[in-house]
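*Asks:* Chains as they are written, first to last, in this note's numbering: chain A, 180 to 396; chain B, 4 to 590; chain C, 814 to 1089.
Think of the hints as simulated: they come from the structure by calculation, not from any bench. Keep in mind that this is a model prediction, so the values were computed, not measured. Fair warning: there could be bad hints in the mix.
Counterexamples of contact, computed for chain A against chain B with all Cβ distances above 12 Å [claimed, not checked]: (1) Leu229; (2) Val235; (3) His257; (4) Ser275; (5) Arg282; (6) Gly288; (7) Arg294; (8) Trp298; (9) Val299; (10) Ala309; (11) Gly310; (12) Val386; (13) Gly395.
Straight-line alpha carbon distances no greater than 25 Å define the calculated SDA-like cross-link-like pairs of lysine to any residue that follow [claimed, not checked]: (14) Lys589(B) <-> Gly904(C); (15) Lys848(C) <-> Val876(C); (16) Lys848(C) <-> Phe491(B).
Where a beta carbon is used, it is the ideal one built from N, C-alpha and C, also for glycine.
So you can see what is in the structure, the chains are spelled out below.
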Amino acid sequence: MAGSITEAVEIIDAGRGGGTGTPAGGGDDGGSSSPLPPIPRRAYFTALQLGLAAIVMFFMALASSYIVRKGLGNDWQHTPMPTVVWFNTLILLASSGTIILARKKLEDGDREVFRSWWWVTCGLGMLFLAGQIIAWRQLSAAGILLSTNPSSSFFYLLTAAHGAHLAGGIFALFYVLFRPWKRSRISQATAAELASIYWHFMDGLWVFLLVLLTLGR
Amino acid sequence: MVTEENGGGHGNHRPPSGFIRKYVFSTDHKVIGIQYLSLALFSVFLGMGLSFLMRLHLAWPAAKWPFFRGGLMTPEQYLALMTMHGTIMVFMVLTTAPQSGFGNYFLPIQIGASDMAFPVLNMLSFWTTMVSLLVMLAAFFVPGGAPISGWTAYPPLSALGEISGPGQGTGQTLWIIGLAIFSVASLMGALNFITTLIDLRTKGMTLGHLPMTCWTWFVTAILGLLAFGVLLAACILLLLDRVAGTSFFIPGGIVISGQVIAWHKGGSPLLWQHLFWFFGHPEVYIAILPGMGMVSHLLSTFSRKPVFGYRAMVGATCAIGFLGFCVWGHHMFVSGMSPYSAFAFSMLTMTIGVPSAVKTFNWLGTIWGGKITFNCSMLFALGFVSLFVSGGLSGLFLAQPSLDLYLHDGYFVVAHFHIIMGVAAIFAVFAGLYFWFPKMFGRFLHEGVGKVHFWITFVGVYATFMPMHFLGLAGNPRRYSQMTAGPFLRALQPLHVFITIAAFITIAAQFIFLFNVFWSLFRGKEAKEMNPWHATTLEWTIPSPPPFDNFGGVAPVIYRGPYEFSVPGVADDYILQTLAPDLVRKA
Amino acid sequence: MLSRPAESGSTSTALALSVFLVLMTAVTVYILMAKIWWFPPAITAVGHEIDGQFALTFLITGVIFVLAQIALAYTLFRFRDRGQKVTYFEGNNTMEVVWTLVTLVLFVGLGLYAQNAWAQVHFMGAAPGALPIEVTAEQFAWNFRYAGPDGKFGRESSDLVSASTGNPVGLDPNDPASKDDVVVPVMAVPVNRQVELIIRSEDVTHSFFVRELRLKQDAVPGMDIHMHFTATVPGVYEIACAELCGLGHYRMHSTLTVMSQADFNEWMKQQEAANQ
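Please put together the full structure from these sequences, using the hints given.
*Replies:* Pasting the structure below:
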């Protein structure tokens, strides 16, 4: 309404702040004087589910291509699964555990412990990615490259696609830690919940891809 | 402190300031809608220019023109024009204007929201789309030029690189990258639309009170969300085949231009077709559904009658959306795909004709018994109905594989998709523009000039595209740069000349439209009334153009459905959705 | 505020629009019924069946086309704004059910009916004793291979393909079965004899299309696709490529000559002689 001046404006990436703390309907919009209209909290969850649906379709296209390609031509040759991949899987599964723990601590109000476990989750995620790169290097050292065989093509492609999406997830985890949440439309707890849903999904997606790659080999 | 439940405080916010924030990197859905419409306007004229050159060559293949090296257009130049024509029209015009253009502008308003759910994401969607357009246009300027494999880019032609033809080098790579970027942009947009529709509807705006426009934007966004991810995957696979030596789509044993392609084997060209058409078929429904919603809306408004069979229309829209994912194989009847699958796809395709027919009957039912005003908006809406009938019926032929044996990849198909997409969908955009222009810009498009535009265009499109059916019946294959190879083709040349002349006249008429748009922006009759059409939906309750936050910070309340025209016992022949029941004047 | 006053000139606009729709419909129907541009006559039995299916589809879609365009023309004219009262109705459930069911039965029925011809073309293979011809498409020509007197196709290999030495399909000279294989750029078949085509491609996807056979089949590299037909009318027919294959797509043209068995035997002898 005219007269009351409350604004909350930030740029989503750099947190260049403006405003005096109490947001009106503003939030993560760009610009120093265009606060945002209010939207219900559940919209973020709707959006996340929709985003996950789109990602599912993307991976289903790749997975069905994998199955079709394997069934055709008789040039499919088994790509050995580097052992490190199993460790990476455990790391990723563990990170799903730590993220649950972190959120519980946040709920309990224990912010410092939340941050610690959240950092551990980030670390485990990055360790997973490093491990995937090690797996790639092991394969390429054995002479198995992207174009060597359709089975290796899919191995690299699927792990890269998953890795890219997981990297996005790690970015989201950092965002939860570093963005000034006081001046946002949602709370840090909500953001943490959203990030963790995405994270668990990435975990589950990895298990699916692993099963596909293992059965297919 | 932020209150979680409603996302924070009362809806008080100030408009953006500064040219860049207001007009370039704006997060205002209205500005973004206009940006998309502008991108589409530029693209449609570019696409038309390309088709102008194509038709020029088809009519007079031996003629020399000053703008070609050596005077003659080469076959590869024709094919490059054709590829970019199709790509630009399908993606940069038909996927943007009806959905991202009008949808962005009017969806939040029609549901009573002050913006999309994620305005920054919205801005990113537009600029990502712009980047994809620039990447694609860059294909014209690289060595080898634009690709020649059609908008469908079938491998191996699209996968083998320069060796399979001019333009198949860098040009094709840029095309693929541009398309991949476009897919990401579309996914972002779809996500925003759906979230907004689900979560931001104002009080009283139940699903049953949604205007047909919103329903079609909704279903279209769902189609986009589920389909573009598949296109993105396909593009990545094709790119890898081209640059990384993989063999997803390229089989072994290929000999091309005297060279044996020994480093590829085992891939399947059909795999690309499946992936592409799994996306491609929903894509064509993405192109037409918003237009159908707009037409329902306009037929109702300008006959002063409710939409006939609102629920059936919603059901038909959802049926078309769902079935749209089940029919992709009808593009592949003669591809070498299993003939048993072909049978299944054929039956599903015949079935999808049913909701389309239901919509047509309901459109007729909407205007029956009404009081029709023949302004430009209504003329284009009525034209849409005629064109949809014409274009849709040829689909019944193509859906039967035994008939498709003859008609596949011929001019009958070209006629079918042009009438439906290239004309009917565009007519809906015209109709929507004449309707919403006063709201968006505070001025009317000139009706007289508009009527001239309508008549030349309506007659012109029928003159241009109806004869293509006859070419198809005579067996004229498509994507031929000229009809000179054999006697039966040469015999069809007079019809090609006729089509070219009709096309030139129709294209010329579009400059009348362009003039109308730019003239009216500055000199058009002012829209002094907020609701000049006496329409019922929310956009007509706010000023023209609307303020930056649409409703001034006060969420509207909805009391009824969107098509309460000529309600018996009511004094006025329309009731705004926002009019409280006790304020409705009795007759 | 009451409803808007009747638009002046709405009668002339409505009339013009109605008249145009009727004219457009009439011209279209006339051109189709007069068959001014039409299929060439079919030369196979299944081709005639396909034509019958075309006729049925034309009938059904033609009736719908005429009725729908006329209904639109009539409705928009009759209900132009002349200051009349509007009849308010929101729909009619009975009508919805009826026209949904009718179109469903009609369209699905039409589709089911069409499958017979499709089944004949694709659900059954060639009968034993059919004349096998291998069709190899390339940028931008058609090659037709006959098995020769031994009735066997010799081995082919892509590394042996060489246009300059007259070996467009890569016949292996070391395979005895190849010696009598005849490779020609035009196709000839005996009348009333079933022919089995084995359609393949050397480079990109092409499509083998002969109008009079009512036959089209994509030639996909990496696949050998079988088709069969029995031509019943002698003559020379055009073969066109029907899948975009590159800059020469428009001129990838050949001929199919259907001749008597005697003439075909003679033709075959000449080709074999030229082969030596």
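*Asks:* Would you mind marking each hint as holding or not holding in the structure?
*Replies:* We went through each hint and held it up to the structure:
The non-interface label for Leu229(A) is inconsistent with chain B: the shortest C-beta to C-beta separation is roughly 5 Å, within 12 Å. A cut-off of 12 Å between C-beta atoms contradicts the statement that Val235(A) is not in contact with chain B; the least separation is 8 Å. A cut-off of 12 Å between C-beta atoms confirms that His257(A) is not in contact with chain B; the least separation is 15 Å. With a least CB separation of 24 Å from chain B, Ser275(A) remains clear of the 12 Å interface cut-off, as annotated.
In this structure Arg282(A) is separated from chain B by more than 12 Å, as the shortest Cβ-Cβ distance comes to about 16 Å. Separation of Gly288(A) from chain B is adequate, the least Cβ-Cβ distance of about 16 Å exceeding the 12 Å criterion. At roughly 20 Å, the least C-beta separation between Arg294(A) and chain B is larger than 12 Å, which holds for a residue marked as non-interface. Consistency note on Trp298(A): stated as away from chain B, and its beta-carbon is indeed over 12 Å from all of that chain's, at 25 Å minimum.
Look at Val299(A): its CB is around 27 Å from the nearest CB on chain B, clear of 12 Å, so calling it non-interface holds up. Every beta carbon of chain B lies more than 12 Å from that of Ala309(A), the smallest distance being close to 23 Å; the non-interface claim holds. Against chain B, the non-interface label of Gly310(A) holds: every CB pair exceeds 12 Å, the least being about 23 Å. With a closest Cβ-Cβ approach of about 20 Å to chain B, Val386(A) is found to remain outside the 12 Å limit, as its non-interface label requires.
Taking the minimum C-beta to C-beta distance to chain B, about 15 Å, the non-interface status of Gly395(A) holds against the 12 Å cut. Proximity of Lys589(B) to Gly904(C) is assessed by CA-CA distance (about 23 Å); at most 25 Å being required, the pair is judged to hold. The hinted pair formed by Lys848(C) and Val876(C) meets the criterion: a straight-line CA distance of about 17 Å does not exceed 25 Å. Distance restraint check for Lys848(C) and Phe491(B): the Cα-Cα separation of roughly 15 Å lies within the 25 Å cut-off, and the hinted pair is therefore satisfied.
Going through the hint list in order, the structure does not satisfy hints 1, 2.
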